[in-house]
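If you're matching them up, the sequences are chains A and B in order. Using my numbering, the letters of the first sequence map in sequence onto residues 1 to 302. Using my numbering, the letters of the second sequence map in sequence onto residues 303 to 780.
Careful, some of the hints might be misleading.
Dumping the calculated DSS-like pairs for lysine-lysine here, alpha-carbon to alpha-carbon at most 30 Å [to be verified]: (1) B/K775 x A/K126; (2) A/K133 x B/K322; (3) B/K585 x A/K28; (4) A/K114 x B/K721; (5) B/K480 x A/K196; (6) A/K193 x B/K480; (7) A/K230 x B/K495; (8) A/K126 x B/K722; (9) B/K584 x A/K126; (10) A/K196 x B/K667; (11) A/K126 x B/K332; (12) B/K775 x A/K72; (13) B/K441 x A/K6; (14) A/K28 x B/K656; (15) B/K447 x A/K6; (16) A/K121 x B/K725; (17) A/K28 x B/K502; (18) A/K121 x B/K584; (19) B/K775 x A/K185; (20) B/K322 x B/K725; (21) A/K114 x B/K584; (22) A/K186 x B/K725; (23) B/K495 x A/K77; (24) A/K4 x B/K447; (25) B/K480 x A/K271; (26) B/K480 x A/K6; (27) B/K480 x A/K230; (28) B/K441 x A/K4; (29) A/K185 x B/K656; (30) A/K126 x B/K721; (31) A/K272 x B/K480; (32) B/K495 x A/K28; (33) A/K114 x B/K667; (34) A/K271 x B/K667; (35) A/K126 x B/K322; (36) A/K190 x B/K480.
Covered stretches of chain B (in silico footprint by chain A; criterion: 3 or more residues with CB under 8 Å from a CB of chain A, positions within the stretch not fixed) [what the hints assert, rightly or not]: (37) 390-396; (38) 499-510; (39) 539-550; (40) 609-618.
Simulated from the structure, these hints should not be mistaken for laboratory data. Ideal placement from N, C-alpha and C gives every residue a C-beta, glycine not left out.
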Amino acid sequence: MPEKVKVVNEWLCVCSGCEISLLNIHEKLLNLLDRIEIVHSPVLMDVKEIPEADIALVSGGVRNWENVEVLKEVREKCRILIALGSCAAFGGIPGLGNLFSREELLRKVYIDTKSTDNPNKVLPCKEVPPLTKMVAPIWKVVKTDYVIPGCPPEADLIWDALSSLLDGKEPCLSTRTVCDECPLKKEEKKEIKVVKRWYEASEGFDPERCLLEQGFVCMGPATRAGCGAKCPQAHVPCRGCMGPAATQADQAASMIGALGFLEVDPELLVKKVADPVGLFYRYTLPSAIIPRYVEDRGGETR
Amino acid sequence: MSKVVEVKPVTRIEGHAKIKIWLDEEGNVKDAHFHVLEVRGFERFLIGRPIEEAPLIVPRICGICYTCHHLASAKAVDAYFGLQPEDLPETANMLRELMLMGNFIHSHSLHFYALAAPDFIVGPDADPRERNLVGVIKKAPEIAKNAIRLRAVGIKITEIVGGKAVHPVTAIPGGVSKGLTEEERQKLLPDVKWAVEFSKETVELCKQLIDKYIDLVKNVGVLRTYHLGMVDDHGVHQLYHGKLRFVDPDGNIAAEFPYHQYLDYIAERVEEYSYLKFPYFKKAGWPNGIYRVNTLSRLNVADKMPTPLAQEYFEELRRTWGKPIHNTLLYNLGRCIELLECAERSLEFLENPKITGSNLRVPVKPRSGEGIGVVEAQRGTLIHHYAADAEGLITDSNIIVATVQNNPAFDRLMCEESKKFIKGGQINEGLLNRLEMLIRAYDPCLSCATHTIAGHYPLVIEVVDDRDRLIAKLSNLE
């Protein structure tokens, strides 16, 4: 029997959804395990130190200094490093934390929340790793060979990427957008006259029709295909979890471009898109080209 | 403040959780703490987001119990719009609850077969490299295949009802975005029927595990605390909607209240050594009011189960162990009984013609105010609380997750158990395994807890003498 390919799975600032999605290949996991040996995976097995391996699947972005150390160790020990999921690839939802300083984040969680009883204003600071100034995608810290985007990446997408690598082929991602694979009906009329908040979808809502054309800001035009356009098909607008499409560098810039192309009234847009950063950069703020720098009192400035 | 924002690279701290044990001058255990090393700050960065987006953001708190966060959030958002579950269309509530059942089937089966069962099937003394799901696949391929299939049923329910297998999207303000078609119902029915059968086998397997380790179950991790869980008006065990009930360490009802009053009953302390907070039952104060949540706690507060097979096992549990049960290792059995309940409930929903109804949502209008949503997550009571302005932008948020509520009990258990193994500065073998076993029984989801990591715990135990000098370091990391 040929020697099995050794795979390391490590997680940084995560929710573990990427690992669950990997398990969601279900019975195909048994076939996969014929070809690979998972030598390190906190979710699947009793954890040992990180051994040398052929492939590393790293989920999660970098949020604290322990993440940095672990990531560097994985890079040193593994030949191919793959960013698994949108946190590793772009920073992901925890990246919205970059809108605030570390102090603001900790103050809210440990002092200002309603149920917190903390009269001496104690903050966790002993035996816990300090936060980095910003959440970062892993490629800002180490060289990253491939990316499997998604929050989480669909199980089939992970399966396809791993199968390609095991067959000695380059794993490749779709070059299209979510709109290209979305089956909802588009009338291709350019002008969009109304813009609605998502909770306003009750009267006159047509579940078969393109959400954007009905006035709901859907991130489909600015988002890479590969998820199967599942959210729009469940009648929920895309929020861009696959990150920017192949030829696009900055997801928010692309989305604003797409809305301009659709001739959406800018005034209406400003009025109805109450939180442009949280919508257009929901998954990609830490890798955005127009980054936001936050003054972090007491810390070094970047 | 400067203590926290001082940034310097630290040497790697092994694992996302560790335990530190302090000894006194005689070398006996003085104190022990469970340290959790992650925090992300969801409660801060939700502020400023439109409230209807919250159910699409918060599932990322946890990649295992995402549906619980999605639904607790959706309920909080409904409440902000002035709606309670009884105001929603019946089909919408049924679909939401079915989605939740799917998540329980996935999570409870994952925990039992990936964490608890390997000790049993592969053996507790087996090579750690084999003592995992992969080891189960090698040693008992049939059980492993069925375990994978059972979890797949839960995931399939989530995918069909929730729109996505992980991080579902269909619970929206006032209802659900998508109904269940007859074709989809037919797709799920045979799988769910099978899941009821195999869940029953899982309870039986778990009972064998309990019998095999009966001495451990009776003597390890027995801690008298309060327990918290959700019940309906008739005291029946509920996961999606109901009121909250505390029972005291003797099993008497200590408080019963609609969940929007949680601030009158629960407060959270902060300690310097962990990113987890320390909740307690306010009426009993700190530290008397230490309480536990999770599977066994829910069974401790309930008078009855909602489904027939789960009820049989519930009665057997009460007959054998009484009420309330404080034995930590029985959380595993409680988990399997709930797994069966969720499979039965799913079948009930799918056999009810109303599940394919087309009335899915009621219209909503923003207003300035607050909303509180609570569901039972796999690991215990989950609370989401938001305030928003007249534009529907979030101005404040508070999230209390399940694992955090077990944190104070954890610390206490670590302390009590280590006393049995450390005397006069001598550390006896078995300490590491024992503490690890206790942690696993709670299935703590540190992902959730720090609004970060789940699964299996790379464990490091540091023993420190009365002058804070490290005298021993034990680890399950090789």
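Status of the hints after comparison with the structure:
1. B/K775 x A/K126: holds (18 Å)
2. A/K133 x B/K322: holds (27 Å)
3. B/K585 x A/K28: violated (51 Å)
4. A/K114 x B/K721: violated (36 Å)
5. B/K480 x A/K196: holds (19 Å)
6. A/K193 x B/K480: holds (25 Å)
7. A/K230 x B/K495: Holds, at about 26 Å.
8. A/K126 x B/K722: holds (27 Å)
9. B/K584 x A/K126: With a Cα-Cα distance of about 27 Å, the restraint between B/K584 and A/K126 holds, given a limit of 30 Å.
10. A/K196 x B/K667: Since the Cα atoms of A/K196 and B/K667 sit roughly 13 Å apart, the hinted pair holds (cutoff 30 Å).
11. A/K126 x B/K332: The given pair, whose Cα atoms are some 18 Å apart, holds under the 30 Å limit.
12. B/K775 x A/K72: Status holds; Cα separation ~24 Å.
13. B/K441 x A/K6: holds (21 Å)
14. A/K28 x B/K656: Violated - the C-alpha atoms of B/K656 and A/K28 are around 35 Å apart, more than 30 Å.
15. B/K447 x A/K6: Distance ~23 Å between B/K447 and A/K6 Cα, so the pair holds.
16. A/K121 x B/K725: violated (36 Å)
17. A/K28 x B/K502: holds (25 Å)
18. A/K121 x B/K584: holds (19 Å)
19. B/K775 x A/K185: violated (62 Å)
20. B/K322 x B/K725: holds (16 Å)
21. A/K114 x B/K584: At roughly 14 Å apart (the allowed maximum being 30 Å), B/K584 and A/K114 satisfy the hint.
22. A/K186 x B/K725: Violated: A/K186 and B/K725 sit about 74 Å apart, past 30 Å.
23. B/K495 x A/K77: violated (46 Å)
24. A/K4 x B/K447: With a Cα-Cα distance of about 22 Å, the restraint between A/K4 and B/K447 holds, given a limit of 30 Å.
25. B/K480 x A/K271: Holds, at roughly 28 Å.
26. B/K480 x A/K6: Violated, at about 42 Å.
27. B/K480 x A/K230: This hinted pair holds, its Cα atoms lying about 12 Å apart.
28. B/K441 x A/K4: Since the Cα atoms of B/K441 and A/K4 sit roughly 19 Å apart, the hinted pair holds (cutoff 30 Å).
29. A/K185 x B/K656: Holds, because 29 Å separates the two Cα atoms, which is no more than 30 Å.
30. A/K126 x B/K721: Roughly 24 Å between the alpha carbons, so the hint for A/K126 and B/K721 holds.
31. A/K272 x B/K480: Holds. A/K272 to B/K480 sits at ~24 Å (cutoff 30 Å).
32. B/K495 x A/K28: Distance ~23 Å between B/K495 and A/K28 Cα, so the pair holds.
33. A/K114 x B/K667: Holds: A/K114 and B/K667 sit about 25 Å apart, inside 30 Å.
34. A/K271 x B/K667: OK: A/K271 and B/K667 at ~17 Å, within 30 Å.
35. A/K126 x B/K322: Since the Cα atoms of A/K126 and B/K322 sit roughly 12 Å apart, the hinted pair holds (cutoff 30 Å).
36. A/K190 x B/K480: Measuring from Cα to Cα gives roughly 27 Å; hence the hint holds.
37. 390-396: violated (count 0)
38. 499-510: Not satisfied, violated; 0 residues make the cut.
39. 539-550: violated (count 0)
40. 609-618: violated (count 0)
In summary, the numbered hints that this structure violates are 3, 4, 14, 16, 19, 22, 23, 26, 37, 38, 39 and 40.
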